[in-house]
Amino acid sequence: MSIIELQNVHKVYDMGAEKVHALNGVDLTIGKAEYVAIMGPSGSGKSTMMNLLGCLDTPSTGSYILNGTAVEKLNDQELAAIRNKEIGFVFQTFNLLARTDALQNVELPLIYAGVSRRERRERAQRALARVGLTDRAHHLPNELSGGQRQRVAIARALVNDPSILLADEPTGNLDTATSSEIMQLFDELHSQGNTVILVTHEADIAAHADRKIVLRDGKVLTDIREPAKAAAV
Amino acid sequence: MVVSENIRIAFRALRANKLRSILTTLGIIIGVAAVIAVVSIVQGLQFMITKELQGVGATYVMVLPKHDQNQGPGVLARQVKLTWEDGEAIRDRVPGIRLITPLIVAPGQVVKIGERQHSTMLLGVNQDWPEVNNHEVELGRFFSRLDMEHRRKVTVIGQKVAEELGLSDPVGKEIYVGALPVSIIGVMEKRGQALGQDSDDLAFIPFDTAVNLLGRTSGDQIQLRLQAEDASVVDQVKDGISHLLRQRHKIPEGQPNDFDVMLQDEILKTVGSILGMITTVVGAVVGVALLVGGIGIMNIMLVSVTERTREIGVRKAVGARRQDILIQFLIEAVTLSLAGGGIGLAVGWGIGALVASLLPGDWPPAHVPFWAILLAVGFSAIVGIFFGIYPAGKASRLDPIDALRYE
Chain R
1 MSIIELQNVH
11 KVYDMGAEKV
21 HALNGVDLTI
31 GKAEYVAIMG
41 PSGSGKSTMM
51 NLLGCLDTPS
61 TGSYILNGTA
71 VEKLNDQELA
81 AIRNKEIGFV
91 FQTFNLLART
101 DALQNVELPL
111 IYAGVSRRER
121 RERAQRALAR
131 VGLTDRAHHL
141 PNELSGGQRQ
151 RVAIARALVN
161 DPSILLADEP
171 TGNLDTATSS
181 EIMQLFDELH
191 SQGNTVILVT
201 HEADIAAHAD
211 RKIVLRDGKV
221 LTDIREPAKA
231 AAV
Chain Y
1001 MVVSENIRIA
1011 FRALRANKLR
1021 SILTTLGIII
1031 GVAAVIAVVS
1041 IVQGLQFMIT
1051 KELQGVGATY
1061 VMVLPKHDQN
1071 QGPGVLARQV
1081 KLTWEDGEAI
1091 RDRVPGIRLI
1101 TPLIVAPGQV
1111 VKIGERQHST
1121 MLLGVNQDWP
1131 EVNNHEVELG
1141 RFFSRLDMEH
1151 RRKVTVIGQK
1161 VAEELGLSDP
1171 VGKEIYVGAL
1181 PVSIIGVMEK
1191 RGQALGQDSD
1201 DLAFIPFDTA
1211 VNLLGRTSGD
1221 QIQLRLQAED
1231 ASVVDQVKDG
1241 ISHLLRQRHK
1251 IPEGQPNDFD
1261 VMLQDEILKT
1271 VGSILGMITT
1281 VVGAVVGVAL
1291 LVGGIGIMNI
1301 MLVSVTERTR
1311 EIGVRKAVGA
1321 RRQDILIQFL
1331 IEAVTLSLAG
1341 GGIGLAVGWG
1351 IGALVASLLP
1361 GDWPPAHVPF
1371 WAILLAVGFS
1381 AIVGIFFGIY
1391 PAGKASRLDP
1401 IDALRYE
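Chain order of the listed sequences is R and Y. Number 144 in the numbering used here belongs to position 144 of the first sequence; there are no gaps in the numbering. When you read off a place in the second sequence, starting at 1, and then add 1000, the result is the number in the numbering used here.
For the record, the hints were derived by calculation from the structure and aren't laboratory data. Misleading hints may appear alongside valid ones.
Claimed, not checked - The calculated lysine-lysine pairs, modelled on DSSO-like cross-linking and capped at a C-alpha distance of 27 Å, are:
1. R/Lys-73 - Y/Lys-1394
2. R/Lys-85 - Y/Lys-1394
3. Y/Lys-1173 - Y/Lys-1160
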């Protein structure tokens, strides 16, 4: 069963004098519980792809069906709702709210989902437990290490049980040891049945995924499936 | 998303920038404090004056000579006169009058007993004064008709005068008013101070005695105080007095009166309009303060939106809709302005209470009417919404992709 279906997707940015074709006819299907890495040099359309898949943006032409919903037809309001329900973002710079402790950061998507205070607390605590940070629930982001911050961010991405976990260079700001910890966490989450999409330009990060999609000039250059289990173990 | 959640977020954001928040709301604080302080003081003033005037009742009438500046030097030749002969004529010929007393006011008169002396206000009146002015004698008695007729050298003093002269048992004592020896036959009840005048710092002597003491001409420009028989006839009494005095003063048709006849409700109205004017002027000043305060809030909210662009991006990425962001920042602005309003209310009330406690006499305790509180709170909320809507709208319209990329 496919969870993401892109059909002949184009994204054109109007930069005044010239039009930039960031995506130039992309067809792509990603199934449930897949572990995908999207790669490519800068300018390849990687970021545009990420924004599109994350429903932060809509295609200029073509269609994007996410878990049965045609995203290109949605308005701002519906896009916000679908981001809340279907997407779990993990950013390179963590993007936690300062002055807000780990637990409250994790609660954030649930607030916008209209979940009651008590249930929010419970679910956020469960999400923190999944990333191994139960004892850091009431620490502020600036009291946590880089790796711990990214774990909080992953807990936030998980808390709403999204269809896809969308990570944009999740280890870009971390040292090697912490990077491998975080990647182990993603491996674990994938093995638990989550759909994980990594957007990265680092080959050794992408090696964790079972499927590597390389973009170039707004098009899919290669799409290779090679289970990474053996390499990762 | 629930509003209570937004309020919590707003408080957290404001707490994080305490000094900035306080400085931002200062404009609102000052504006609201000013309006509350002035309202409470004006209310006190109105309360005092109304109490004073209502004491004499709705049947109270004042007649005063008018010094009309508009008539130029010519009027000096024709001296404005109001005499007790006028008063007697009014008493005898204007229907509806129950009591009438002349009044000569002579401030700064020295009274003394032995070595002790005191400067006080001397009032020359007749036996009806206590009833006309609702001002009773506490010890001894007031003048009688006989005292008046025989021009007895007697006086009734206020409690402050008894105090100043060191008289614990004043009735029967001989004192000097100027060079005139008089005996004290009574002491007036305590009345306290009003409008910078001490109603206990005075001495009454019979009208004719006062004229003798102060000189013949002092009888040429007196005032009259009357009580009409009933509140329903005061207007007729006023007309009657005007008609008679114009006749007696030979004022030709079309010329203005050389006297004023004032009724209690007219005095109240005059006072009310003066106080209303003060309130209006202060209100205008406060309006400007609130405007400036609102612009301050708008400015800081715009800074805040820019500072928190990333936060807005994150919130949108995890599912915040436009209206969620709009409401969040709007509530933050309104919280700022309402907090300012609340603090201003407290400060203004404090100033009013302080002024009330510093003013002498039985000034009523600071009273802030409910409408003033409502007005202050309402206005600050409106300022918050009005000046918060633009920054909040700006925040809500941010593109999540740009916001997340913002450094």
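Against the structure, the hints:
no., hint, result
1, R/Lys-73 - Y/Lys-1394, "25 Å, holds"
2, R/Lys-85 - Y/Lys-1394, "25 Å, holds"
3, Y/Lys-1173 - Y/Lys-1160, "16 Å, holds"
Checked against the numbered hints given earlier, this structure breaks none of them.
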